[in-house]
Amino acid sequence: MAGELAAVGSSIASAIKAYAMPLFLLSLSMFYQLVVIPRSFPPSHYDALRIERYSSIEDVKDAYEKFFSNWNSGVEVPSTDDFIKIQYAYELLTNPLWKRDYDIFGIDEQHHVLEKVKRQYAEESYSHIGLPLLDATVSG
31 MAGELAAVGS SIASAIKAYA MPLFLLSLSM FYQLVVIPRS FPPSHYDALR IERYSSIEDV
91 KDAYEKFFSN WNSGVEVPST DDFIKIQYAY ELLTNPLWKR DYDIFGIDEQ HHVLEKVKRQ
151 YAEESYSHIG LPLLDATVSG
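Following the numbering used here, the numbering of the sequence shown begins with 31 at its first residue and continues without gaps.
Keep in mind that the hints were calculated from the coordinates and are not lab data.
Certain hints may be false.
[As the list claims (entries may be wrong)] DSBU-like mimics (lysine-lysine), calculated; alpha carbons at most 30 Å apart, straight line:
1. LYS129 - LYS148
2. LYS146 - LYS115
3. LYS146 - LYS129
4. LYS91 - LYS146
5. LYS129 - LYS115
6. LYS115 - LYS148
7. LYS96 - LYS148
8. LYS129 - LYS96
9. LYS146 - LYS96
Given the sequences, and given the hints that come with them, work out the whole structure.
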């Protein structure tokens, strides 16, 4: 009887030793795939508006109106950088052709405009920024 218990105990110990490293590596890879990799992707224009990816144009307009009402009421005063990101996201995602290209292919044709406007208005108040940022006749 004691010999059987010792054999069972040693088989459990050997099983733990055999599967400890694979289980550790599996746990580590799951953590990496679920936590580390998603944080390395740049934020999308949907994130700038704080809405879900692939939201409808109406949802984009509603989110922008929410930001705009907070800005006008004085509840929130955006930084110039935040204002430019939100305005750019709004203009990009309310144009059906640009939104389609962005949603399906991840194409952001006017990204150079975003960087140019950020440099141009870096030291100014958001109220001095010329709108619209994007020219709808450029693409189509």
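*asked:* For each hint given before, does the structure comply? Return the numbers of the non-compliant ones in rising order.
replied: Hint check: nothing fails, all pass.
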